[in-house]
Amino acid sequence: MTISWRRRFWTPTSGATVAALVAVPVLLASSPYYLFLLNTIAVFAMLALGLQLVLGYGGILQLGYAGFFGLGGYTSAILTVHHGWPFPAAFVAAMAAAVLGALVMSPIVRLRDVNFAMATFVFGLILELVFNQWSAMTNGPIGFRGIPPPTLLGLTVREPEHYYYLLLTALLAEYLLIFRLLHSPFGTVVRAMRENETACRTAGVDVTRVKVTLLLVSSAIAGAAGSLLAHMNGFISPPTFGWATSVAILMMVVLGGVRSLPGAIVGAVVIRLVVEQTSVLGQYSNIVFGVALVLFMAFLPTGLAGLVGRLSGRLPWGARLGAGSVPS
Amino acid sequence: MTGTLSEVLGLIVFGLAIGSIYSLVAIGFSMIFRATGLVHFAHPDLMMIGGMVGYTLATRTGLPMPLLFVCSGLSVAGLSWLIDRVGFRPIRRQAALLNLIIATIGWSIILVNVALFVWGTAPLSYPEGYLPKGRLIGGIVIVPQNLAMLVVALAAMVALHLFFTRTVVGQALRATAENPVAAQLMGIRIERMMMLTFLMSGFLAGGAGVLVASIVYANFDLGLIGIKSFAAAVLGGFGQVGGAMLGGLVLGLVETIAAFYVSSAYKDIVAYTLLILILLVRPEGLLGTGRTRPD
Amino acid sequence: MTGPVLETERLSKRFEGLVAVDAVDLRIDAGEIRGVVGPNGAGKTTMFNLVSGLYRPSGGRIRLRGRDVTEVPPHVRVAAGLGRTYQTPQIFPDLSVFDNVAVGLAGGRPPSLRDALIGRRRDWDVMRARVEEALEFLGLPGGVAAAAGSLSFGEQKRLEIGRALIGGPSVLLLDEPAAGLNRSEIEMLAELIRAIRTRGVTVVLIEHNMKLVMGLCGVITVLDFGRKIAEGTADEVRRDPRVITAYLGRSDGARV
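Chains as they are written, first to last, in this note's numbering: chain B, 313 to 640; chain U, 341 to 635; chain F, 1461 to 1716.
Source of the hints: derived by calculation from the structure; they are not laboratory data.
Treat each hint with caution, since some may be false.
Said to hold, decoys possible - Away from chain F, derived, C-beta distances all over 10 Å, residues of chain B:
1. Trp322
2. Pro324
3. Val338
4. Tyr345
5. Leu465
6. Leu484
7. Leu573
8. Leu619
As the list claims (entries may be wrong) - Per label pair, the in silico range of CB-to-CB distance:
9. F:Arg1643 - B:Phe321: 42 to 50 Å
10. B:Phe321 - U:Phe600: 57 to 65 Å
11. B:Pro453 - U:Gly460: 17 to 25 Å
12. F:Pro1601 - B:Arg320: 23 to 31 Å
13. F:Ser1572 - B:Gly396: 34 to 42 Å
Positions of the beta carbon are idealized from the N, C-alpha and C atoms, including for glycine.
Okay, chain B solo, but in the shape it has when bound (with noise of 0.2 Å):
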């Protein structure tokens, strides 16, 4: 264990991550089909993420998610296709849009984890209804179309490969920035939060003031990639930021193993690769999900991650998954 401050992300092994990240659309360019699968894994690995800071290391139990990724997707198409803004503007205010509506619950910040947790539960809720029913924004259930590629620099992102590096340098972007995050003195204390909050605030740490500041970092994300999702695809409608989404992306936490970057990108890859396959089971694609998951948390409750580290020796067999990351 060193010392947190000093980590480097910049190694072997995730130098050629990255480089075999890159070199991806060159295996698949005859294939379009892939590479929009490729590109929406790469929105939702950027959810994980930042669902993954707030949740598996800040402990907060952030059940509406979806709902800023939708703030995020709707303001950036708003913006654009009723107002003219260009692309960059309106991608910064997707953000500040999902800030904003991250500021506006932060009052709840004080409550126990599990009031707070059923709070942002139902104002993920609320937002759903806000986008299904504030039609004369939104445009409803029928959802927002004609949303225009990005432009930036003068050039026009429309190819899905082209759309595939921008998505990953976003992500990489955010990782690096979640990285650093954690990593500096700022990530102690959140560290800390997540294991004795008494403790902390006995230390002097303003623990509400780090739970929202977690919590606007991790809805700015949210907005970004809301953003991204908007303009890639032309189109949004309201199920993709219910709480159905909420779930999927919570799902791709846990898979990837709570407190674990690269986890939370395994997770996002597995969890929308096999909702993608299982449609083919059609009827039985959804119950064969409820099961695995519960059999999922029954028999693999730290993840891939942890199962990584068990098998490597770094974990003991009995640990479990979020030991402390619900603090009472």
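Knowing the structure of chain B, use the given hints to seat chains U and F on it.
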């Protein structure tokens, strides 16, 4: 004057009736939370199953409403217990809370899909005899079913209150919820108490499901209505049984009034916005005590 | 600095009919090592919880270096110069020894987002030096990177003190620091407390170990049933009949 009065009264009665259904589910939900610390996301879907089972009983056997309530209640109680026995009890010791909560989400998906398989996708209406009908009594339009629902729900709540305060078992249950370790030391069998909690909350949910389904329809997504019970529980103060009751009634009233005076489409938003406003001012809910700083 | 460094005025705490602390007046001057003693249940830890901000008082005021902090949240009290440890060391077992102490810097310089992103190497080096110095002062230099949970009980207690100290408090509240320590560890503790006082930190300790208290503390405050029943030097307190009665029990039966 009589017209408006009867209108308003009818609204209030209906609002309270719907609210009492929310209360029944919210109470069960709160009970589970108090006793086990679990946020049971599959609970609203138990309500839905109650509605579906009630439908089947109503069409096959034509039992009167009260019996339907009881039979559905019992079946769902059993189901609730079964889910706990199979899904939660084996892992209660090792699994952390987050795991269990996510597992309940899994169970929710399972229940919804089972309902889909067994009953199909189309909304099913209860047979004619069960649907609410208005009757003119003393110049005022009254819907007896609404009154009946209100009475049943209130009776259930009174019974619960008496149970918790007057009976030995009820007090043991409260003790377990308050402080499981101390309760165990006093000789109370915690697992039994938890089992009882799941049974009772399941019964309430199943009965509530019949009530809801008879007014609306029976369908696999009834759970969405049940989700409002979450909102009700949060509104009243999550984890407080009394709060769940109050929250349910308030939510039902607000929703009904909003539907009438504003618009039926926006009633949910109005209700939820009010909820959030209340939460922002009083984050622990109306009767809650959830603040982090003690006292 | 004039005036007491920590002062409470008629401080009270009621819990639903049970009076845990009853109108206690305390006046602790800079440079003291104050002992707070009393039978079990006398309200000593409750007093600490009130002063540190974990509990809201039912009545009375608390003043830290002249500033009224009664309504002020715990983290602001720390920034105002208060440090505190617990009977059972409240540390972060999965974090390294280094990180455990580093959290104590949060009060003086709240860790912010901006710092994390644009943090200058120099600032972090300064902070790191402070942590390492604190660890050395406490006698814990060896396992800087070790997980705090792997330390011995005595070491964990010292670690917690380190975290409280690094924030540069004016007053340090120690809740039963000697509990669970063996004889040589207690001697080390006494040395440590004296060294802390030499650094200019006023120490208030709750203790049951009378030998330690009598040896270290200039003034001792005695509580019983939430009330202050005696206050004075070790000799005065030792001979006070009310204190003797409180400890040896009364004719009206055993204490719970």
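* To do: Could you tell me which of the numbered hints above are not met by this structure, giving the numbers in increasing order?
  => Checked against the structure, no hint fails, so every one of them is satisfied.
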